[in-house]
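Enquirer: Turn these sequences into a full structure, and let the hints steer you where they fit.
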Amino acid sequence: MNSEELKNQEYKYGFTTDIENIKAPKGLTEETIKFISKIKKEPKWMLDWRLKAFNRLKVLEEPNWQKPKYPKIDYQNLYYYSAPKSMKDKPKNLDEVDPKLIETYNKLGIPLNEQKRLSGVAVDAVFDSVSVATTFKGELDKKGIIFCPISEAIQKHPDLVKKYLGSVIPISDHYFATLNSAVFTDGSFVYIPPNTRCPMELSTYFRINASETGQFERTLIIADKGSYVSYLEGCTAPMRDENQLHAANVELVALDDAEIKYSTVQNWYPGDKDGVGGIYNFVTKRGACRGRNSKISWTQVETGSAITWKYPSCILQGDNSVGEFYSIAITNNHQKADTGTKMIHLGKNTKSKIISKGISAGQADNTYRGLVDIGAKAKNSRNYTQCDSLLMGNKCGAHTVPYIRNKNSSSTIEHEATTSKINEDQLFYCNQRGLNQEEAVSLIVNGFCKEVLQQLPMEFAVEAQKLVSISLEGSVG
Amino acid sequence: MEQLFNIDFKRINSSNDKEAADRKKNFELFLKGGFPNKKNENWKFSDLNNIISKNFKNITNNDDYKLDEKIETIHDFEHNKVILVNGSLKSCDLHFEEKEKVKIETLKSLEGFHHQSNNNLDYLNKALSIGGFNLEVQQNYKCKKPIIIYNYFTANLNNKIINNSNKIRVSQNSELTLIEYNIGEKSKFFKNTFEKINIDKGGVLKNIILQKTKCNGYFYKNISGIQDYNSSYQNFILSSGLKFNKIEIDMILEKEKSSCYILSGLNLSKEEHQEIKTQINHLAPNCKSYQKIKNVLESDSKGVYQGKIFVKDIAQKTDAYQLSKALILNDQAEFNAKPELEIYADDVKCSHGSSSGSIDEEAIHYLMTRGIELRAAKKLLIKGFLNEIFDNIPEEKIRTFLEKSIAVQIDEIR
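First to last, the protein sequences are chains A and B. Heads up: the first sequence at position 383 corresponds to 383 in the working numbering, and the numbers run straight through without jumps. Heads up: the second sequence at position 163 corresponds to 640 in the working numbering, and the numbers run straight through without jumps.
I should point out that these hints are in silico values taken from the structure, not numbers from a laboratory. A few of these clues could be false.
[To be verified] One-sided and incomplete, this derived list gives chain A residues near chain B with beta-carbon spacing under 7 Å:
hint, residue
1, K58
2, V59
3, G397
4, Y403
5, N408
6, S410
Note that the Cβ used here is the ideal one computed from N, Cα and C, for glycine as well.
Expert: If you want it as structure tokens, here you go:
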């Protein structure tokens, strides 16, 4: 195998699509924001909202408490909007979409042509700053489910957007969330009407293509009373020597008796073996269990990105609400991850569960950072946290930084964490039965991650399992 | 910040002009940052600035070291006596030990106390420290009896600040059990102590911190130590009864086979706030650290545990364990924990656990069905919860004494 082939094997989504782009002028200015708002044909209230966030951004400082440090980002030297030229006038149906784009998604294994899909997954495909296509719209419409790009929702469903946008992640939040509020380009909007079970998995596939461009998508999911939705998110980017910023905001709102299941397989370009290039994945994900008996469950498989820095969180406001967080974070070579969750218990009888598995190999650094906060009014609440770390080699690091706060006497918090290497006995056992070292490690690691992989929807679980093995390739021996 | 203080530098003895100038410089540096507040990650759960400004005004430094009453000593077991009055070494009686084997004197210089960046109380201590004790155990000498430091505070310390610094050296293959026994209940003062510990090859230091009765004191103690090959450090923190207490321990396990144990059993009641913060640095292979922190929280008390285990890449075969448990007896009480691991070596066994909650209802039910009334059942369970800490103290007489003093505290729980 020549070196080129080897490279492709490492990160098979590293190709670029050569396509003509429309870009906003470089730099983070009021003009850029106005440009984005104009090209998206946004109403005035939306522009005002963005500008408010932009003004707020001016007084905010970039946080620096995280473990992975990175060189200062020059926000003025970035493009905040980049879209394929062919998308300027929104194509009415798939036949009008640039074949090059369709081909890109086919190459990524995301066919946008509905007939070709075997499994019932509706996809919203986001390419740089615009949504390319959303599949299965008609079928969803029948049930009253809204699944569309957020830019479309702003025009067609302003009341819903106005009511919920920024209600979980306010524009005055931390630096990157506020940055997103000012310059977000596209993303998905989901509304599930009362007492409706979404008949298929909804999915968004994010693709960064243009260089020197940041991707700032915004996703808003609202599950009305008694509804259920399972949402998947996937992402890839080309291989480049530069670091690219991806600062997304995801807001979830679950009303009475509603349930949202949010799964992510994050496979942004991680940079090469020497740590050159790769995506900075600084994402804010937060869900609010507003209603009684509501439930939000986050599942994430983090294998890509040069730096992953995110804490999908649950605010458990409604009585009896449930928050869950299942995570696998794999870092290899020079990758760095600082991830975890926040479970904020406010309502009575709220429950949360955190299962985090961190694996570091090469010279990578992997941090679990989390908060469990049980307020004084959250009587009879319960939390269970388990975070396990696996180290491969003595050049990598595994860290655990949990914050645990308990403010009432009827609630219970349990936290457990372990750090170890792969058990020699298990390896020996596998070797003895004819598996080579790499296969054995892959098997053991998959077993280590099983608790989390089980939580993924079928379609994703297979892909994720493969990813786990690929991400660790070359880390053994 | 400045108006909070009324410091008189003339009250502190400086050995030379340079020292006097350094003190003033350090004090100015302290004033610049003031007392740490919750914006400082180390003080996230204990906002000292808020606590001090709420409870103190016109803080002055103390220059009175006269004993104003007779100190009641412990009769439960034989021991050597060292008496500190308001942080200053008053007298010592080491008659159980061989001559010249154990030395204790007033600490004269702060040499060896390294600057701790990001700790403003370090500036404060260096500015106002009145010394303290310098204790050294000679090579190959195992102390026959424990040393009790009667840490006595007089009744006239309202709004006073006491800064002292101690040094302890346990030389090669020697052993020492040191009990710090704090006495003084009446006045409301702030004490800021820095302690430097060196344990040489094969040395063993057991340290017990105990509070005689409830006290209006606000204490901060910073312990930093270095351990040599095959040395052992054990610290038992049982200082319940203070209004505020933060003990910060930074131990460096520099050479192989050294071990560090930190155990704590605290029983906090109304308006009490205690924090234990540890950092155990595993810098060499085959070292062991073990931490067990237990808190019983009543009324509106607040318990905090921040523990960090750091394992350097060469420190293979490290065995590090951390456990913090809290029993929360009242809805106003609060327990905060941040058990942290930072690990760079792969062949290690590191784990931590933390739990907090109320007393197990089923256990109470079990006891009550056997004819034990509710209050007694609760106390029994609390006793069992805290007594686990003493299992690691081999000397029976000391253990009984500690159990007795904890029992008195538990009896006060309603």
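Enquirer: So, for every hint listed, does it hold in this structure?
Expert: Outcome of the hint check:
1. For the restraint placing K58(A) at the interface with chain B, the shortest Cβ-Cβ distance is roughly 22 Å, beyond the 7 Å limit, so the hint is violated.
2. Checking V59(A) against chain B: minimum C-beta separation of about 17 Å lies over 7 Å; hint violated.
3. Hint status for G397(A): holds, given a least beta-carbon distance of 5 Å to chain B, under 7 Å.
4. Because the smallest distance between the Cβ of Y403(A) and any Cβ of chain B comes to about 5 Å, under 7 Å, the interface hint for this residue holds.
5. About 5 Å separates the beta-carbon of N408(A) from the nearest beta-carbon of chain B, less than 7 Å, and the hint is met.
6. Hint status for S410(A) relative to chain B: holds, with the closest Cβ pair at about 6 Å, below 7 Å.
Violated hints, listed in ascending order, are 1, 2; each of the other numbered hints is respected by the structure.
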